[in-house]
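Enquirer: Chains as they are written, first to last, in the working numbering: chain A, 2 to 300; chain B, 2 to 300.
Heads up, a few of these hints could be off.
Which copy is meant is left open, so a pair is good if it fits within one copy or across any two.
As the list claims (entries may be wrong) - Listed below are the simulated DSS-like cross-link pairs for lysine-lysine, each with C-alpha atoms no more than 30 angstroms apart in a straight line:
no., residue 1, residue 2
1, K26, K211
2, K208, K26
3, K274, K21
4, K252, K280
5, K112, K21
6, K112, K252
7, K112, K211
8, K7, K280
9, K266, K208
10, K26, K266
11, K106, K19
12, K21, K280
13, K280, K26
No wet-lab data here; the hints were simulated from the structure.
Number of protein chains: 2
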Amino acid sequence: MNDFNKYLSDVVETVNNKLKLYMNKASFPGRESSGFDVMLNAMSYSLEDGGKRIRPFLCVEFCRLFGGNTEAAYAPACAIEMVHTYSLIHDDLPCMDDDDIRRGKPSNHIKFGYANALLAGDALLTLAFETIAGADGLAADIKNRVTYELSVAAGPSGMIAGQVMDLDNEGKNAPIETVRQTDILKTGKMICASGRIGSIVAEADEKQLKTAQEYCENIGLAFQVVDDILDVTSSDEVLGKPVGSDDSNNKSTYVTLLGLDGAKKYARELTDKAIESVKDYDNNDMLISLAGYLCDRLN
Amino acid sequence: MNDFNKYLSDVVETVNNKLKLYMNKASFPGRESSGFDVMLNAMSYSLEDGGKRIRPFLCVEFCRLFGGNTEAAYAPACAIEMVHTYSLIHDDLPCMDDDDIRRGKPSNHIKFGYANALLAGDALLTLAFETIAGADGLAADIKNRVTYELSVAAGPSGMIAGQVMDLDNEGKNAPIETVRQTDILKTGKMICASGRIGSIVAEADEKQLKTAQEYCENIGLAFQVVDDILDVTSSDEVLGKPVGSDDSNNKSTYVTLLGLDGAKKYARELTDKAIESVKDYDNNDMLISLAGYLCDRLN
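Turn these sequences into a full structure, and let the hints steer you where they fit.
Expert: Put into structure tokens, the structure is as follows:
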């Protein structure tokens, strides 16, 4: 295990521990209801399992890059992961992408039923904002800026606009500009918000926020391109979900639009741009490693 | 139209105008997608139509009761209504209560399809927090307290716990304490948060917050009791939804548990307690009228 992998796994472990903490912090007065245990289990099932924790990592790392107190970045980082997890639970529902498998395991609604999956998603989204607003060690104006940043990124002008476009693109052989715009909204906004929120915790200036934005935009898009590549080059076992699903859904992807080699070249270009954007900062080593790690990943 | 009805309808009109404003404020970069117009319509359809606006009214009135600037209470008031509206959209979905009719019109998912209804709910919940965090004329620490209050009330220890209990109670002939606890969580927490948030905007002290809490707890419970009464005494046309639904769902209600006269007496007691709690304050006239109005309502 090299330095980066060790460092990433340490951050991930801290995130996982803090996520448990924030889940248990709420008083949960409905516990006497048998249904409520199922709901807590449903929330934990998706929140605590697997996941690369890229978004929390970006939050913590950009806080560190700009000289902030990384301890204070963990509450926003966990809130971001809760929002990400809620979006996956709702995305998998039969009325959306109708996916039975997520990270190699039954999707939330397959395991807990539709109603619990719907509510578990709603609960995680709401708990994210409670986690930020109730965080220790952050000034109220920082918390308020974080809330604003996260809600805009996750809301109808951000991630949800992307989900709507994604549904709208289905079976339409959408052109590359539409695919790119969909990805920028659906996953890019939350990835950018992750870096920006860490920067806000560090009280970064405008130039630094722009750096975070640029790095995250590029690795966010690269992430999607690599996803499309893995959908044709990986196996079900390695990927943890069925490969070839884009093809069977008649979906325009970077591979169908640029060819496999073109897509690989594009992912590398985006990764290089991300690395370039942080080159003038000390403590950029883990962000540089992350960009390469995401580009070369196998799942 | 008496003074109270005129006053209420003025506040409701202001709330409706501000809700439109907050809906349009977001930049909505997904507008070029044809699917996105459908989503905005889906959000507006449920947000702009009907609704007594009791929660926003409580927010504005408690701000006024405690000498705050009511103008500043409208952003939180609208955020509360967005959260309330999202909860109704998700509650009506087939995997939850499966209601085709809401306020005399087709439910959101009947009109716009499941995926859009799901996302419209998600979007309204998220936009609520953007609306608070981005509000003008409120200090950051007030906005942060409002975010905390709203997220706790709407989250897994509040409204969502109530929704889970409600699903769990179905067909079980639950005893009155379980029914009461379900109502306190499912609707009471958000009603209490409405009064408390208006009080927070007015920078109310602990005693005043307790007053808001007490008033809201009592009218919140009275509201549910009257709902159960109307389910047996009203007609589909007056109520705007099918009457007798509690009976056909085998649901324990205050009427099945206390009898019709017992339920009416209980609603009156709760209303009197609410009125009692605000009796020592100037400017309590509209809150006193509201309590009576909710107790004697026909739909």
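Enquirer: If a hint holds in the structure, say so; if it doesn't, say that too.
Expert: Checked hints:
Taking identical chains as interchangeable, the C-alpha atoms of K26 and K211 lie at most 30 angstroms apart only when they sit on different chains, with a minimum of 23 angstroms there against 34 angstroms within one chain. For a Cα distance limit of 30 angstroms, the shortest separation of K208 from K26 across copies, 26 angstroms, qualifies, whereas the shortest one inside one copy, 36 angstroms, does not. Taking the shortest alpha-carbon separations for K274 and K21, neither the intra-copy value of 35 angstroms nor the inter-copy value of 40 angstroms comes in at or below 30 angstroms. For the identical chains of this complex, K252 and K280 are neighbours neither inside a copy (36 angstroms) nor across copies (64 angstroms), given an alpha-carbon limit of 30 angstroms.
In this homomeric assembly, K112 and K21 come within 30 angstroms of each other (Cα to Cα) only inside a single copy, at 20 angstroms, whereas the closest approach across copies is 39 angstroms. With identical chains, the CA atoms of K112 and K252 are at most 30 angstroms apart both within one copy (27 angstroms) and between copies (27 angstroms). Neither within a single protomer nor between protomers do K112 and K211 lie at most 30 angstroms apart by alpha-carbon distance, with minima of 41 angstroms and 42 angstroms respectively. In the homo-oligomer, the alpha carbons of K7 and K280 lie at most 30 angstroms apart inside one protomer (22 angstroms), although the nearest pairing across protomers, at 63 angstroms, exceeds that limit.
Taking the closest pair of Cα atoms, K266 and K208 come within 30 angstroms of each other only inside a single copy of the chain (29 angstroms); across copies the shortest separation is 65 angstroms, beyond that limit. For the identical chains of this complex, K26 and K266 are neighbours neither inside a copy (46 angstroms) nor across copies (39 angstroms), given an alpha-carbon limit of 30 angstroms. Taking identical chains as interchangeable, the C-alpha atoms of K106 and K19 lie at most 30 angstroms apart only when both belong to the same chain, with a minimum of 23 angstroms there against 44 angstroms between chains. Taking CA atoms no more than 30 angstroms apart as the test, K21 paired with K280 passes in neither setting, with 35 angstroms inside one copy and 45 angstroms between copies.
With identical chains, the CA atoms of K280 and K26 are never at most 30 angstroms apart, being 39 angstroms at best within one copy and 36 angstroms at best between copies.
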